[in-house]
Amino acid sequence: MHIHILGISGTFMGSLAALAKESGFEVTGSDLQCYPPISDQLEHLGIEVIPNYDPEQLKLNPDLIVVGNVMSRGMPIIETMLNSKIPFTSGPQWLGENILRDRTVIAVSGTHGKTTTSSLIAFILKDLGLDPGYLIGGVPIGFNTSASRGSNPYFIIEADEYDTAFFDKRSKFVHYHPNVLVLNNIEFDHADIFKDLDQILWQFHQLLRMLPSDTKIIANGEDKNINELFHQGVWSERILFGQSEQFNWSANADTHGAIRLLHEQATVAQINPQIIGDHNMMNILAAAATLSLVDIDENQMLESIERFPGVKRRLEFLGEFSGVQIYDDFAHHPTSIKASIHSLKAKFQESSVFTITELACNTMKKGALKEELLGSFDEADFAWIINDKDIKWDIENQFASKKHVSITSNHDALSEELKGKVKPGDIILIMTNRSSVPIREALIDIFDS
1 MHIHILGISG TFMGSLAALA KESGFEVTGS DLQCYPPISD QLEHLGIEVI
51 PNYDPEQLKL NPDLIVVGNV MSRGMPIIET MLNSKIPFTS GPQWLGENIL
101 RDRTVIAVSG THGKTTTSSL IAFILKDLGL DPGYLIGGVP IGFNTSASRG
151 SNPYFIIEAD EYDTAFFDKR SKFVHYHPNV LVLNNIEFDH ADIFKDLDQI
201 LWQFHQLLRM LPSDTKIIAN GEDKNINELF HQGVWSERIL FGQSEQFNWS
251 ANADTHGAIR LLHEQATVAQ INPQIIGDHN MMNILAAAAT LSLVDIDENQ
301 MLESIERFPG VKRRLEFLGE FSGVQIYDDF AHHPTSIKAS IHSLKAKFQE
351 SSVFTITELA CNTMKKGALK EELLGSFDEA DFAWIINDKD IKWDIENQFA
401 SKKHVSITSN HDALSEELKG KVKPGDIILI MTNRSSVPIR EALIDIFDS
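Heads up: the sequence shown runs through residues 1 to 449, numbered per the working numbering.
Treat each hint with caution, since some may be false.
EDC-like mimics (lysine to aspartate or glutamate), calculated; alpha carbons at most 20 Å apart, straight line [claimed, not checked]: (1) K403 - E372; (2) K370 - D196; (3) K195 - E316.
Now the in silico label distances, taken between C-beta atoms and shown as ranges [what the hints assert, rightly or not]: (4) R440 - Q300: 32 to 38 Å; (5) P36 - P87: 27 to 33 Å; (6) T408 - M1: 18 to 24 Å; (7) E416 - M1: 51 to 57 Å; (8) L64 - D131: 36 to 42 Å.
If you are wondering where the hints come from, they were derived from the structure by calculation, not from laboratory data. A virtual CB, placed ideally from N, CA and C, is assigned to each residue, including glycine.
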């Protein structure tokens, strides 16, 4: 059976392509742009990617078209598809019907931490020899791909709230029917499709209404929006985690990054994970609470957490160049930007942290969270924000009072400023949800020389 995927280079659709290929389908796809690591993954799998949406590609005569949510009515390829009556479906629906139907599904949801938490759960199960299936919105370090069918009953899916397709405006996660649902946190995001936080909560409420009563919900008990969601109705058992010992699972960290894990107020262990920051402590808690439901040895699970190397582009250490450490991060929301900076400042207290940020997601380009963004860089020693032509608000005026924040669109000037400010022992943090390759290569050229 030949499947053709429209919008194949997104992290979700690229991962879906990998699953389809592994399952024996003939897979092709198309997209306007394709960046690493997904582009590398598709090339490695031998999946042809057409670099346009020309309707001519439908002459490949696929048996089924899987439509990404980047596609919309009025696009010539969509109108041609509809007029030709080629069978089509959405990515989440295809996944639910063809991959997840007979699996024990662990779905990881929330505004932040989905990729790291789902990667950690998948890593631990793989590390302990269980070969789970997984689909993750990034590539865990040490994994060949962001998705695998696996041979074990467990399947870990990163379950986001973005809409499914132009013909199905429900959130993707309603198609997954999880046996275990992780709720990391809920904040306003995706301003291109959601008007306000209430619309996001409504989508999560629909998910909870669909869950069987024997589904287990692993939830951040400290998150006020998750608690508001539960007040709207919940019919499944909840297991809560947080930093307070009042929750079923809790944790606290010392100044060196060691984490003490507790279950029902009793210390389970002290661990020294490779991933850093309070936000990652919460991700570890979510994973530990989830895996307490799986028949694995607890001590082996804890040892595996310490071996977890992280995820590409999630505070990923790129290397040290002329004494300057460079990190790459996917952060693009005010909360995640602030958390990433704080993590590095807490870990490297004697080092200055310099940040280079692209505000490339739709929410930030619209300025929907510009007030929240104002304080996100407060812990940075100096921050550069790239003023993209697509930004729809006066970013220079917004940050006029922040003397340690520079707004720039001149890459040559930025390079000169970096040379003048950054010295050996300092840290540079790149934050963007676009490909970071151009910035990474420019920085390495500057400091490796």
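Against the structure, the hints come out as follows:
1. Simply put, K403 and E372 have alpha-carbon atoms about 17 Å apart, close enough for the 20 Å limit, and the pair holds.
2. Annotation: proposed proximity of K370 to D196 holds, straight-line Cα distance about 15 Å (limit 20 Å).
3. Taking the CA atoms of K195 and E316, the gap is near 33 Å; set against the 20 Å cutoff, the hint is violated.
4. At roughly 36 Å, the beta carbons of R440 and Q300 sit within the given window of 32 to 38 Å.
5. Here the CB-CB span from P36 to P87 is close to 32 Å, well matched to the stated 27 to 33 Å.
6. A C-beta distance of roughly 50 Å is found between T408 and M1, which places it outside the suggested range of 18 to 24 Å.
7. In this structure the supplied range 51 to 57 Å holds for E416 paired with M1, their Cβ-Cβ distance being about 55 Å.
8. Checked against the hint of 36 to 42 Å, the C-beta distance between L64 and D131 comes to roughly 28 Å, which is inconsistent with it.
Taken one by one, the earlier hints fail for this structure at numbers 3, 6, 8, listed in ascending order.
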